[in-house]
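*Asks:* Position chains P and L relative to chain G; hints supplied.
Chains as they are written, first to last, in this note's numbering: chain G, 1 to 297; chain P, 1001 to 1300; chain L, 2001 to 2327.
Take the hints with a grain of salt, since some may be wrong.
Subject to a maximum C-alpha distance of 25 Å in a straight line, what follows is the list of computed SDA-like cross-link-like pairs (lysine to any residue) [as the list claims (entries may be wrong)]: (1) K1026/P - N2111/L; (2) K1026/P - A2204/L; (3) K1116/P - L2033/L; (4) K1195/P - S1183/P.
Okay, the calculated beta carbon distance ranges per label pair [claimed, not checked]: (5) W2118/L - R1024/P: 19 to 25 Å; (6) I1029/P - S2155/L: 27 to 33 Å; (7) K1026/P - G294/G: 20 to 26 Å; (8) T2205/L - S1063/P: 33 to 39 Å; (9) W1062/P - S2155/L: 30 to 36 Å; (10) I1053/P - N2161/L: 26 to 32 Å.
In case anyone wonders, no lab produced these hints; they're calculated from the structure.
We put the beta carbon where it would ideally sit given N, CA and C, even for glycine.
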Amino acid sequence: MEHSEQEVIAKAEQNATASLPLPEPLIRQSAQTSGTGKVIFDVRDMSVWYGGFKAVTNVTLPIYENEVTAFIGSSGSGKSTVLRAFNRMNDLVPGARVEGDMCYRGASLYAKDVSPIAVRRRIGMVFQKPNPFPKSIYDNVAYGPRINGQRNKKKLDEIVERSLRSAALWDEVKNRLNTSGLSLSGGQAQRLCIARTIAVEPDVVLMDEPASALDPISTGAIEDLMRELKSKYTIIIVTHNMQQATRVSDRTAFFYVLTDSTSDTRTGVLVEYGPTKQIFEDPQDPRTQAYVTGRMG
Amino acid sequence: MAVTSHAQAEPPKVDLREPPSWRRTKNQIVTALMVFAFLLAIIPLGFVIVTVIAKGASVINWSFLTSEIPVNTSPANFGGMGPAIVGTLEITALATAIAVPLGVLGAIYINEYGGKGILARIVRFMSDVMSGVPSIIMGLFIFTLWTLHFQYSGLGGALALACLMLPIVIRSSEEMLKLVPDSLRQGSSALGATKARVTTTVVLPAAAGGIVSGALLAVARAAGETAPLLFTIGTVTAVNKNVFSGANTALPLQIFSNASSPFTGAQARGWGAALTLIVIAFVFMIAARLVTARFARYSH
Amino acid sequence: MSSLTRADSATPAESAHPLAQRRPLGDRAFAILALTAGLLVLVILVLIAISTSQQASSWFSAEDLSIFSRDWDPATNSFGALPFIYGTAVTAVIAVSISVPISLGIALLLNEVVPQRWARPIVYVVDLLAVVPSVVWGLWGILVFAPWIQHIYSSIASGVNGIWVLGFLFGGQNISGASFFTTGIILAFMVTPIITSLAREVVATTPSIDKQGAYALGATRWEMIRGVVWPHSQGGIVGAVLLGLGRAMGETIAAALVIGSSPTITSHLFSPGYNLPAVIANQFGESTGVWRSALMGTGVLLFVFTIIVNVIARGVVERSARRARGA
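This is chain G alone, in the form it adopts within the complex (with noise of 0.2 Å):
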């Protein structure tokens, strides 16, 4: 970089108050990794309101298929409230509003007539801390497709088993299918939480760090689990374990808190995205550098 890293982050603060468009993140347009390299979402200065506090400011990066994109950063930075954006579950809470432009497949997500269910059925969430219905197992894998209008027992049948299997919980729950799905253990639940978001057949997945409540036997159950979904899905993780993202993810986009001492405002921007690799490697802005070498965050 030829200016300071004063200079740098002084500007950058400068222009997030005066809202002025921020300088472009470092966006690294290297070889595709191991993905189909379609573009699946383009986020074009994206900025998140919650009432009147901008939670997020200017994020634009593009999501390529079948990849696994990590979303790193400290606390704050915004990166659960961008992963949010994209499956429309900020409209839950009240006050949100999302301005700039996000397309799925080259249609806006925000657009006037666009159905947030619809948009859900397409692009399905995993949270962190795992959330089983109060069913059996098999009525929580089979909720999705019921509430799609699948009906047919044996249809139903094969969509339990083959989703279980995707998750690799088959096995462990063949038996007891009819138990509640309160009953399986922290790494369990998550797994079956999995197989009911791929249940739907969705095209894209969120994780909003699936694995942070987990143990570390669970944890890479789950690392395993998305290694062979991306080849069916696009997976998009937030975690705050660096490790983490340096396992799965084959694009990493880190995320940070921009503070106005003089407005007392933050917000988040994102600052770099690349393949993991380089970011993790060979960080080009001092902020990313700072984070990833554990001097910061």
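*Replies:* For chains P and L alone, coordinates are given in the frame of chain G:
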């Protein structure tokens, strides 16, 4: 920023518009039903209040509020409900004076002294059960225990109302005491205060707003109760300023007897009494909310 | 502070420890006072049971089961309470049947549909239902509502007379505004705020993360409610319904005014009837001797029934609250 162009060989745009209509319709129907349920609940309420105001206001004037109760056959603008208003106020006041201190003390027992012990659990459970006992049973009870021996009096009615109010005050006070953080109690104990002192000088003042508010709601409820008074206070047509001896009357009682009367005069006076009673209950309810808003330091 | 100077404590003769002391008198007295107040509840309940049963003894001691006969006629000295038991059951069931769907609808509306800001004023309005005294509901009921709805009853009755189940329930010749059904309706209005507030508490305990999970799968709001909120809330709602039932059973004055004061057992809901609290309210004043004892006994029956329903209801509510916390 360069993005791989997505103009080549693109499948038709993804359709993100509405899901199949039957799902949306079901959702809309259910939402409409919920709103309909709300309307079903408040429309009759509106009718009642409007009717009471319309029919009652035409009867109420200063003379109505202060005159004695005439015979039922008198025309509408004769007499008034003076004795009943006085009776309601004094009997309810006496009941409050009996029930609130006892109720707060009972709540103090459950929350501060009883802890997780079995006796505290029993007392709490029983006070819940008692709040479900029909008010007419309280009337029969006091009739048996008191009125049979001491004749009709405002005190008898107050006792019956107090039985009704007691479990309500206990439960609402207990909720308020539970909300007071333990750190306050520990801070006071650490200074060497006895439990009684901790409770009276720290816990009660902290919960006072909420307790008063709960008590006001109990008073609103008691002022409107008829059944406990039916067999305990008798009936009079003139004001009885002595709430401890001699028969008395109260607004709910008068409304009850006037409602069954075939004479339009009595019915009109009944509407007037009903309006007065609703206003009284309303005043207490609003007072309760004001106290909560202004004084309750801890609330849900 | 007096507790520090220990001026009022007994000399610690029983212990050499300098900080040991007997509890100051004031502290002890307060504790005893609080305990007494708490026990008062138990004492009152027991006294109620004893005193009323005693007064009712001459009625209860009838050799045959005549207290449960269908015949209540003071003139002939027959005091069978069956019509009142029947009436209490019928009116309470009608009240709850009308009130539960309404209360559930309002509870879901407030918790899941309406934005937070609007929820509070709406709750205030619903609570207003509870502020209207029972006797005012009765006054309006008998002077305004009953005459008006009698026309509707007559039309329905003439329409369904002869049609199987409908005629059985809603037909008949003795159509009156003051009847079982009217009582059920008025009771429903009175019971709704209670069930609504309890149902809201129960529905609010549904974990937000479960709701998000359902939405994330693309569920509509109704699908989310049916799939997630309902399984979580079932137990608690049953408890709330039972509590409403108990309250409807005991509601006296409104029933006394609009039930029609006719001790008959009939399936025709548009006909006048009677129930336990109403007959006590209406007849106690002029009763004497065995009649009075019978009314007392009716009171005892009512007491027992409501306590049973309330205990079961509290048990159900407790158990589901425990399960919600544990799960």
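*Asks:* Each hint: holds or not?
*Replies:* Here's how the hints hold up against the structure:
1. K1026/P - N2111/L: holds, 19 Å
2. K1026/P - A2204/L: holds, 23 Å
3. K1116/P - L2033/L: holds, 19 Å
4. K1195/P - S1183/P: Cα-Cα ~14 Å, so holds.
5. W2118/L - R1024/P: 19 to 25 Å: Hint holds: Cβ distance 23 Å, inside 19 to 25 Å.
6. I1029/P - S2155/L: 27 to 33 Å: holds, 28 Å
7. K1026/P - G294/G: 20 to 26 Å: At 52 Å between Cβs, range violated.
8. T2205/L - S1063/P: 33 to 39 Å: Roughly 54 Å apart at Cβ, these two residues miss the hinted range, so it is violated.
9. W1062/P - S2155/L: 30 to 36 Å: Because 45 Å falls outside the window, the suggested range is violated.
10. I1053/P - N2161/L: 26 to 32 Å: violated, 39 Å
In summary, the structure is inconsistent with hints 7, 8, 9 and 10 from the numbered list given earlier, while agreeing with the others.
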